[in-house]
Amino acid sequence: MLALQGITKVFDGRTVLSDINLTVAKGATHALIGSSGSGKTTLLRITLGLIPFDKGYVKINDQALSTFSPIQWADRIGYVPQEGGLFPHINGFENVSLIARLRGWEKPKIQARVEELRKLVGLDASMLKRFPFELSGGQQQRVAIMRAAMMDPAVMLLDEPMAALDPLIRRSLQQELKDIFHRLGKTVLLVTHDLGEAVYLAEQITLLHEGRIVQTGTYGDLLLRAADPFVTAFINAQRTLPDAAAVA
Amino acid sequence: MRRSRAVEAVKRAGAAMMIIGLLAAAGLAPGYARSAEKIVVGSKAFTEGYVLGEIAAQAVEAVEAAPVTRKLGMGSTGIVFEALKSGAIDVYSDYTGTLAEAILKRPDLKSLDDIRTALMAMDLVVSGPLGFDDTYALAVKEEYAEKMDLHSIGDLKRVEGNVRGAFSYEFMDRKDGFQGMAQAYQLHLKPQNVKRMEHSLTFQAIDDGAVDVIDLYSTDAKIEKSKLRVLKDDRGYFPVYQAVWVARREFTERQPRAWQALLKLQGSISERTMIDMNAQADIQHVSFAKIAAQFLGAEAPRSQSLKSSILQRTREHLWLVGIALLFSVLVGIPLGLAAVRFHAAGQAILIASALIQTVPSLALLAFLIPLFGVGMKPALAALCMYSLLPVVLNTFTGIRSVDPKHLENGRAFGMTKSQLLFRVVLPLASPTILAGIKTATIVSIGTATLAALVGAGGYGAPIVSGLSLNDVPTILTGAVPAALMALIAYGLFELLGIALIPVGLRKQS
Numbered sequence: 001m002l003a004l005q006g007i008t009k010v011f012d013g014r015t016v017l018s019d020i021n022l023t024v025a026k027g028a029t030h031a032l033i034g035s036s037g038s039g040k041t042t043l044l045r046i047t048l049g050l051i052p053f054d055k056g057y058v059k060i061n062d063q064a065l066s067t068f069s070p071i072q073w074a075d076r077i078g079y080v081p082q083e084g085g086l087f088p089h090i091n092g093f094e095n096v097s098l099i100a101r102l103r104g105w106e107k108p109k110i111q112a113r114v115e116e117l118r119k120l121v122g123l124d125a126s127m128l129k130r131f132p133f134e135l136s137g138g139q140q141q142r143v144a145i146m147r148a149a150m151m152d153p154a155v156m157l158l159d160e161p162m163a164a165l166d167p168l169i170r171r172s173l174q175q176e177l178k179d180i181f182h183r184l185g186k187t188v189l190l191v192t193h194d195l196g197e198a199v200y201l202a203e204q205i206t207l208l209h210e211g212r213i214v215q216t217g218t219y220g221d222l223l224l225r226a227a228d229p230f231v232t233a234f235i236n237a238q239r240t241l242p243d244a245a246a247v248a
Numbered sequence: 001m002r003r004s005r006a007v008e009a010v011k012r013a014g015a016a017m018m019i020i021g022l023l024a025a026a027g028l029a030p031g032y033a034r035s036a037e038k039i040v041v042g043s044k045a046f047t048e049g050y051v052l053g054e055i056a057a058q059a060v061e062a063v064e065a066a067p068v069t070r071k072l073g074m075g076s077t078g079i080v081f082e083a084l085k086s087g088a089i090d091v092y093s094d095y096t097g098t099l100a101e102a103i104l105k106r107p108d109l110k111s112l113d114d115i116r117t118a119l120m121a122m123d124l125v126v127s128g129p130l131g132f133d134d135t136y137a138l139a140v141k142e143e144y145a146e147k148m149d150l151h152s153i154g155d156l157k158r159v160e161g162n163v164r165g166a167f168s169y170e171f172m173d174r175k176d177g178f179q180g181m182a183q184a185y186q187l188h189l190k191p192q193n194v195k196r197m198e199h200s201l202t203f204q205a206i207d208d209g210a211v212d213v214i215d216l217y218s219t220d221a222k223i224e225k226s227k228l229r230v231l232k233d234d235r236g237y238f239p240v241y242q243a244v245w246v247a248r249r250e251f252t253e254r255q256p257r258a259w260q261a262l263l264k265l266q267g268s269i270s271e272r273t274m275i276d277m278n279a280q281a282d283i284q285h286v287s288f289a290k291i292a293a294q295f296l297g298a299e300a301p302r303s304q305s306l307k308s309s310i311l312q313r314t315r316e317h318l319w320l321v322g323i324a325l326l327f328s329v330l331v332g333i334p335l336g337l338a339a340v341r342f343h344a345a346g347q348a349i350l351i352a353s354a355l356i357q358t359v360p361s362l363a364l365l366a367f368l369i370p371l372f373g374v375g376m377k378p379a380l381a382a383l384c385m386y387s388l389l390p391v392v393l394n395t396f397t398g399i400r401s402v403d404p405k406h407l408e409n410g411r412a413f414g415m416t417k418s419q420l421l422f423r424v425v426l427p428l429a430s431p432t433i434l435a436g437i438k439t440a441t442i443v444s445i446g447t448a449t450l451a452a453l454v455g456a457g458g459y460g461a462p463i464v465s466g467l468s469l470n471d472v473p474t475i476l477t478g479a480v481p482a483a484l485m486a487l488i489a490y491g492l493f494e495l496l497g498i499a500l501i502p503v504g505l506r507k508q509s
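Chains as they are written, first to last, in the numbering used here: chain A, 1 to 248; chain B, 1 to 509.
Chain A with its partners taken away, still in its complex shape:
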C-alpha cells in the first residue's frame, strides 16, 4: 500500500503542493493525472524521495519514508521514468541487473530473477543483449519495467509510460501493460497527463490542479459526479476528436 498523507510543499514562498492525500491499496493501480504545472511531477519526485517536503508523510505499508535510508526506499519503490529512461551505455540485461549487482547479488540469483521478469513482460531473450538505441519504444518500456521490478519493490511508479509511443503501438502496449501489472501484482501509481491512458490502466484516478487534489474516484465518478467544474472541463478538453455524428 502506498499512502501520501497531507503532503505540502512550499517552493520560494509559493505553495506548489497543498495537503495532498492519496492512498493506493495493495495491488491496485492508481493514476495521478493533471496538466503540466499541476504539481504532479513535484509529487512524483517527493514520492521517490528525491526532494524534501514541508509537511505530511509518504508511507509504504504504513512505514514512513523518513524512517528509511535512500537505498532502502529506492528498493521499495520501483521507478519507470519517461520513455523508459534506460542508460544508453549498457545493454538491456545490464540495465535490468545494475542495481542488483550494486547490492551484491550473486550471479545465479540475478540470472534467475531477470529470466523470471523477462517472461513476465514477454520480451524475447535476445532483446536483453541489445543496447537501448537498438530497441523499439515498446521494448525499451518493457526493459524499464523489468529494471523497476528487479528488487521486488512493494510499489511501482510510472511516469508517462505511453507518452512517447506511436498511437498504434500505444494501444497494443496498453493491453500488455495491464496484463503485466496484473501478473506483477504490485501496487502501481502512474503519473500522466493523458486521461485515456489513466482510464484504461487505472481503477482509481486522482485529478491534480494547481497543487491541490480536485477529485479522486473512478472515471465514472469524475464523469458523472464531478466535484468541481474543472473536472468536467478537464475531461471535455481531452475529448478532442468530434464523433461520427458530428462529421456525417
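In short, the hints are calculated from the structure, not lab data. Values in this document were obtained by computation on a predicted structure and should not be read as measured data. Treat each hint with caution, since some may be false.
[What the hints assert, rightly or not] A short, non-exhaustive set of chain B residues, derived as facing chain A with CB atoms under 10 Å:
no.	residue
1	D403
2	E408
3	P427
4	S430
5	P502
6	G504
7	L505
[Stated by the list, open to error] No farther apart than 30 Å at their CA atoms in a straight line, the calculated lysine-lysine pairs in the BS3-like style are these:
no.	chain 1	residue 1	chain 2	residue 2
8	B	K417	A	K59
9	B	K225	A	K107
10	B	K405	A	K107
11	A	K109	B	K417
12	B	K264	B	K157
By construction, the Cβ of each residue, glycine as well, lies at the ideal position given by its N, Cα and C atoms.
Since the structure of chain A is provided, determine the placement of chain B on it from the hints.
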C-alpha cells in the same frame, strides 16, 4: 551473458594495457639524477657552441677523470647559464662580452680579470682566452654590397630607407646589439623592414633574397658559403668577445684533472681554426665528435649509431610524454570534475588552464628554470601544464553534456554518488574525456621536442642541432620519429577507445 563478459574482459585488458604502458615508460626512464662522479658539459645551441662543447667533453674524457655527460644545444644564454648555476652542468664555453652584458648585466666590465672577479662571487670560475675572438658583425650578400657600394656599417646609412634586415632574437634584445648599434651609427631602418628570427634561419632568408642584411658572429663559416660580405665596424662599436670556459668552482676543485685538461686548451684555438671547424660542421656536415677529435689529435670516439641514438631519444621522448600523459589524467580529470561541481572555482580552473596554454613554450621553460633547474624536470613541468587544458576542458564538457535525467533516475534507483559517477557519469562522458587525453598526448609529443632546449633530450635534440646547422637530414632524424610516435599514439588511442568507450555509445556515434 557471454557478450557482456567479453566486454568486461576487453575493458580490463584496456586498463591493463594503459598501466603496462605507463610502467614501461617509467622503466625506460633515462636516469637524469646526477651522481657526484659525473662531469656534465653543456653548450648553447649554435654551431660554435656544439663544437667547443664536444672539444671540452673529449678533452675531459681523454684524462679519464670521470664519465662525461653531454648536454649540448641548450636553448639560450639564459638557460645554459641557469644550468651552470644550478649545477645541472659543470662547464660550458661562453664569450667575455656575453658574460659581462647578458649574465652580469655589467657592460662596464671590459677586462677578463674584472669579469672573473665578478663571477667569483657567484662561485664560478673562468679560464683564460681559448685563443680566438668572436664578435657580432653585420653581413650582406656580396652582390648587394657591390651594387650598393657597401663596405662598412656606416655605409648602410645610404640605404636605410629600403634595406631589409633579419636579426637573431639575442642580437635584437641585447644592449650591445641592434639598438646600441643603430644609435651609434645613427641608422634608422624602417621598423617593418626589421624581422626577428631564429639565428640559423636568417642565413636561409638572406640566401633566398628575402632580406639584405643579417647579424652573425665573425667566426661564422657561412660567411664564405653564402658569399656574404662582413661590413666593417668602422666606429668600433661591437666589443670584441674572447671565448673562454666557464665552470662551477666546486667542479674545478672536485675534478682538478678535468679542469687542468680544459685549461690546457687556453690559447690553442685560433680564429682560422675556429672558422674551419665551424665550416666542417656547417658546410661539410662532419660530426661534432669527429671535428673535436681531429682538433685534439685523437681518435674520434665511436659515435653512437643512428639506431641507438634514435632509441635513446625515443626513450627520453616517451618518458616525457608518458609522465605528462599520466599527470594530465590523474590531475586533469579530477580538476574537470571539480570544475563541474564547484561553479565559481570551476570557471577559475578552466580559465587558469587556458591561460597556461597561451604562454609560449620557450617562455614557460624559461620561467620554470629558476624553480626546477634544467634537464628533465622543467621540461616535464611544462609538458604537464600544457597537457592539462584539453583533459580538464573535455572532462568538464563531457560531464556537463550528460543528460541530467540519467542522474535523477540513478538517484531514484538508490545509486550512491560514487556509483553514479563511476557507473553513469564517467562512462557517458568517456568518449569526450578520452578525446581530450588523445589531444593532450599528441600535442605533448610535438611540444616535447622543445625539451631539448633545456637539456632534456628527446627527439628535439637533433631538431635543435639540425636547425643550428641548417642541416635538414639531421632535423629529420628527430622530426620523422616524432611524427611516427604521434601516429602510433593516435592508433593506440583508437584501440583504447574500443576498449574503454561503452559499446552502446560507440555504435550510436
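Hint check results:
1. Look at D403 (chain B): its Cβ gets to within about 9 Å of chain A, closer than 10 Å, so that hint holds up.
2. A distance limit of 10 Å between C-beta atoms decides the matter here; for E408 (chain B) the minimum to chain A is near 7 Å, and the interface restraint holds.
3. Here the hint on P427 (chain B) is kept, as its CB sits about 5 Å from the closest CB of chain A, short of 10 Å.
4. Because the smallest distance between the Cβ of S430 (chain B) and any Cβ of chain A comes to about 8 Å, under 10 Å, the interface hint for this residue holds.
5. Annotation: P502 (chain B) was flagged as interfacial toward chain A, and the flag holds, the nearest CB pair being 4 Å apart, inside 10 Å.
6. Hint status for G504 (chain B) relative to chain A: holds, with the closest Cβ pair at about 4 Å, below 10 Å.
7. Hint status for L505 (chain B): holds, given a least beta-carbon distance of 5 Å to chain A, under 10 Å.
8. Taking the CA atoms of K417 (chain B) and K59 (chain A), the gap is near 25 Å; set against the 30 Å cutoff, the hint holds.
9. For a cut-off of 30 Å, the pair hint linking K225 (chain B) to K107 (chain A) is broken: about 79 Å separates their Cα positions.
10. For the given pair, K405 (chain B) sits about 29 Å from K107 (chain A) by alpha-carbon distance, which is consistent with the 30 Å threshold.
11. A threshold of 30 Å between alpha carbons decides the hint, and for K109 (chain A) with K417 (chain B) the separation of about 26 Å falls inside it, so the pair holds.
12. Pair hint K264 (chain B) plus K157 (chain B) does not hold up; C-alpha atoms about 45 Å apart against a cutoff of 30 Å.
The structure is inconsistent with the numbered hints 9 and 12, although it conforms to all the rest.
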